[in-house]
Structures are given as structure tokens and as C-alpha cells.
Amino acid sequence: MAAGPAVDALALQYQGRAVFIEQNVDAPIGNRISRFWAAFNDGTAYLPLVILDSGHRIETGDLGNFTTVFQSLVEAELTRPPQAEIEAYARQVGTRMRVYVRLHNTSGTTLSASTNQAALHALVYEDAHVGVTGRIMRAAPWLDLTSPLAQDGVTSATLDTDVLSGVAWNALHTVVVVDYVPGAGLAFDMLQAAVAQPAGLTVEPSTLRVGVDSGHLADRTVPITLAGPYTLSWTAVPDVPWLVLTPDEAAIATRPAVTVAAGGLARGPQEGHVTFSATSQDGMAFTQFLTVTAVLGPRQLRAVAGPVTPGSPIALPIVMSALGDEHEVSFSLTFDPVMLRAPSVAPGSAASAATLAVDDSEASAGRLGITLTLPAAQTFPEGDDQLAVVTFATATTVPRPNTVVTFSDQPMARSITDGFGSPLTAAVEGTTLVFPDASVLRVVRRHLQHSGR
Amino acid sequence: MATVRRSGAWLLAALALVATAAIAVAQESSPAGPAPRLVVFEDFTRFT
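As given, the protein sequences belong to chains A and B, one line each in that order.
Positions 67 to 519 (the working numbering) are the ones given, in order, by the first sequence.
Positions 5 to 52 (the working numbering) are the ones given, in order, by the second sequence.
Worth double-checking, as some hints may not be accurate.
Chain A stretches covered by chain B per the calculated footprint, using a threshold of three residues with CB under 8 Å from any CB of chain B [what the hints assert, rightly or not]: (1) 68-81; (2) 86-97; (3) 114-128; (4) 145-155; (5) 194-203; (6) 250-263.
Label pairs and their in silico Cβ distance ranges [as the list claims (entries may be wrong)]: (7) A:Ser138 / B:Thr7: 23 to 33 Å; (8) B:Arg50 / A:Glu315: 51 to 61 Å; (9) B:Ala39 / A:Glu315: 26 to 36 Å; (10) B:Arg50 / A:Gly487: 55 to 65 Å; (11) A:Pro379 / B:Ala39: 44 to 54 Å; (12) A:Gly487 / B:Ala39: 19 to 29 Å; (13) A:Asn468 / B:Ala39: 54 to 64 Å; (14) A:Ala237 / B:Ala39: 18 to 28 Å; (15) A:Thr312 / B:Ala39: 24 to 34 Å.
Note that these hints are calculated values from the structure, not bench results.
From the three backbone atoms N, C-alpha and C, an ideal C-beta is built for every residue, glycine too.
Just chain B, with the same shape it has in the complex:
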């Protein structure tokens, strides 16, 4: 079975991909009501 080892490579790759981002603070209340949880399932596989 294929294995993968933890390394620092993912961190370096991630840092290189930090997006251009802007942040601002708003005080207004949300017009929409609370939504139920949306589950996020992520799987990492080897393509070769």
C-alpha cells in the first residue's frame, strides 16, 4: 500500500501560494439566517 511521509515541502508550497487578500471589518448584521453545517470532505491521493 502506498504511503506518504510528512515533510516541510507542503508548508513551503503553501506559503508560495498565499493569495492576494484584503480584509475589512464590517459591523452590519447578516441579512441571511443561519445555515446548517456544510461538510467538507477532502481526500489526497497519488495520481501515478
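This is chain A alone, in the form it adopts within the complex:
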């Protein structure tokens, strides 16, 4: 296969993991071709010239089986950990592309144009068959990191392309690259790259459910993530008095927290909204909404007793009166190991999607730990949720008619958390199992009479 079709096939194969961009060697755009010559370190090369990750790997000339060679290059690069984090957005401004970049240096090295030629590049390419592949570079503005960026430092930058004419704007993509010369040699290396997202404002989550336990009345606070071009500033306006944003205006990188004021809630569910408005000095304006459903009511975890048939297993459902924001539930049960033995645990009807973890290492001492964890971002539904069913073997004869199963913290501490890992309060209620009289071992008491003998 020729180089062009091979590259096109690989672009499809590695979508999301690698980007493939072609340029005309006789009219190079930006200074990307300098990365080839820096790594090649010679005067004459055979076409095509190929660079991966700013020249960390290069190839030239007719390679025969292009697919195999290029694939091995990409695979080798994919194994390398990134050494920077990039958050990038792009938008059309007139006939130019404007690119907003936020760079976090995690390389362990200070990045500096003067000491290691560190630079940011915005590679703007179009899905168009101009050369031999289906993608062609249209612009590649770059910015030397003239201010040293220390390890763990963060910098932000805006890059504008020159005027772009004759392009299909809806077929343009932008990839931001940060590279530098890592050692004493000439070759560059790429620390990381990122696809620029369309400039906009995102609010995560966009819907939120917050339970307020009426048995432990307290305000609840949940973090909100805002994302968008680094130049944005935002304001937040709630439409109900029981929603409070802290802060209620800030730069985009500042995460607000939304607090549900418990004292302002009516019993049951109620809905409020927050309007986030974000603007920038260069003319961006976006609006997004957060919907908050707050539920005021009792949250309770309880064991439900059923009739006992001595010598037969007894199933003990564990039920949570949920407010709808519970994500993970942990607890322990304490029981009398003389009367109840060999506990086994099955997920309850409301926990079919949950991961069940059981610690029965102390079962012989009458203690059993259980944790139920839902997949990320999932919560148990509001109402009575059967979390688990614990089945015990029962003794045929027992020393007393009643035995209690209580909630405890050993071996698993009691804990209910929401999807953000915040602890939630709940009342707990154990249960009493009643054995039939016939199973109770009666000790015959002999009344000795003092005979004087």
C-alpha cells in the first residue's frame, strides 16, 4: 500500500488516540518541519518525511510496507506517558481560528524557550484530500514559552491563525501540541497533545439530586465543575432561595459549590435551577443551566424480620429508605452466632447494578460486613430500596426465644456516600427474630429440698 492510503487507514484505526496531518513539503506551514530536520540532522532526505510527536520518532523515504512501519511507530509512541496536561478550545473569529490553551507542566522539567526551546503549537487541519491523504494542514501558529514554566506550573495562552481562505470551516480540526528539546541533542519531543473542543461552557453535572435527611437536618454542599476557554468568567444565579452558590461569580478555573439550605426546604422533592452565564473580553457569551432536585425526608437503613423456622434458612432483607442521592452503602450486622450461622449475602432487588462486597471473616463471631457500590454517577432510587438479602442458617434448638440483628461498625464501618464521595446521614434500625417456643431449649430445674441429710 502506498503511503497515503496507509496513513488514511491508520487515521481511522487510531481515531481518538492519534491524529495524522499532511503538509506540502515545498510550502510548509508553521515551523513543524523544523522538528523533522532537528531530528534528522542531515542535509538531504527522501520523501515522504514523517515525524511522530515532534520528532521523537522519524522516518523518510520509500519504506515498502508503510502500514507496518507507521503502525509500529504509533504503537511505540502510545506506550509513552504524557508529560503535560492540555485543555484546549477553538472557535472561528472572522476568517481566523482562535485557539485557547491551558497548559499544565508535569514533565519534571522547567519548560523554557531559551533553555529547551519549549513551545505551544496549534495545528489546524482540514478533512480534505489535497495531497496524498484525507487531511491537510491549514495553519500552525505557535508560541514560544518565553516565560519559564516550572514543574507543576500552569500557563494559559491564546493563538490565532492567519486568515484562512478557501477552507470548509466545518471540516476543520485543531490539535494543540507542546514540545521541547529534552536533552543535549537537537531533536524535539512532544510532551502531550490535545484536540481542541469547540469553545463553549459546560456544567458538570447538569442535573443534581440532593437528599436532606430530616433526622439529621443539615445543609448539603456539592461541588460543580465548570469548563470552557480559560478567558471566560462566569456568574451564577439561582431561582429559589434554598440554593446558594459559593462563589457566585469567578474565573472559569474556579469551581463553585452549590449548597442546599436545609432550613428552606419543604418536605418531599422540590426543584430549583441555577443559570450560569459566562463571558470573555473577546466576545464569547455562553449560558448553561443546572437543575437541582432536593428531597427532604428520613433516610433509614433497616433489617426486616420474617418468621423463623428453626433448622431452616431465614432470609433477612436489608432495606434503605432512600432520598435518591445514595451511591455507596456500607454497614455491618451483628448477630448471635449460636442462633444464626453461616450468613450468605445476595444483592437486593434495588441493587442489581451494584457491586457487592462481603466481609465474612468474623462471621463465626457474629459479625458480617457488607458494601454495595453502584457504577459511577448512579444512585439508588428514592423510596424503599431492597439493598441486600442476608440468609442465615438457624439453629434447631436455641437457648432463648428472641435474638437481635443490629447494625454495627465491625468489620465494615457504617457509611453512606453520595456520588461525590460526601458522607450522608441515616438512622439505622435492627430487628428481632422470634423463634417458636418449641425450639427453645428448656433447662429442667431441679428443686432440691434440704433434707438435713
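Given chain A, work out where chain B should sit, using these hints.
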């Protein structure tokens, strides 16, 4: 097979294309977690 020779032309062309750029320093932490490496494959070919 076609060859290409290194010259100073690429540097001059590149310098002419330096973008209008603004830079600012921010101190806030990133809201996003680290992403895996995105590989960038660039190839230079002759169009004629």
C-alpha cells in the same frame, strides 16, 4: 525517489507566520484528570 534538501526557507516562512498570541499565567488547578498521550503523526509530501 524524490528528495528534499534542508534550507533556511522553512525558518523564514515560519517566522512570517508567527501568530498573534497572548499569554497569561493562571494558578488554579485543572478540573480535568490526566488524559493518555495523544500521538501526533505528521507527514510531508510533494503535491506535484
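Hint check:
With a cut-off of 8 Å between beta carbons, the segment 68-81 of chain A has 5 residues touching chain B; three or more are needed, and the interface restraint holds. Counting residues of the segment 86-97 of chain A whose CB falls under 8 Å from any CB of chain B gives 12; the rule of at least 3 is met. Proximity of the segment 114-128 of chain A to chain B, defined as three or more residues with a beta carbon under 8 Å from a beta carbon of that chain, is established by the 9 residues found. Evaluation of the coverage hint for the segment 145-155 of chain A: fulfilled, as 5 residues show C-beta separations to chain B shorter than 8 Å, against a requirement of three.
Given a C-beta distance limit of less than 8 Å, the hint that chain B covers the segment 194-203 of chain A holds, as 5 residues qualify and 3 suffice. Counting residues of the segment 250-263 of chain A whose beta carbon lies closer than 8 Å to any beta carbon of chain B gives 5, which reaches the threshold of three, so the coverage claim holds. Distance hint for Ser138 of chain A and Thr7 of chain B: a CB-CB separation of about 24 Å, consistent with the stated range 23 to 33 Å. Take Arg50 of chain B and Glu315 of chain A: their Cβ atoms lie about 54 Å apart, and the range 51 to 61 Å holds.
About 29 Å separates the C-beta atoms of Ala39 of chain B and Glu315 of chain A, a value consistent with the hinted range of 26 to 36 Å. Roughly 56 Å separates the CB atoms of Arg50 of chain B and Gly487 of chain A, a value that falls within the hinted 55 to 65 Å. For the pair Pro379 of chain A and Ala39 of chain B, the supplied restraint of 44 to 54 Å holds, since their beta-carbon distance comes to about 50 Å. The hinted window of 19 to 29 Å between Gly487 of chain A and Ala39 of chain B holds, with their beta carbons roughly 22 Å apart.
As the Cβ distance of Asn468 of chain A to Ala39 of chain B is approximately 58 Å, the hint placing it in 54 to 64 Å holds. Evaluation of the 18 to 28 Å hint for Ala237 of chain A and Ala39 of chain B yields a pass: the beta carbon distance comes to about 24 Å. Range check, Thr312 of chain A to Ala39 of chain B: about 29 Å between beta-carbon atoms, so the 24 to 34 Å window is met.
Hint compliance for this structure: every hint is met.
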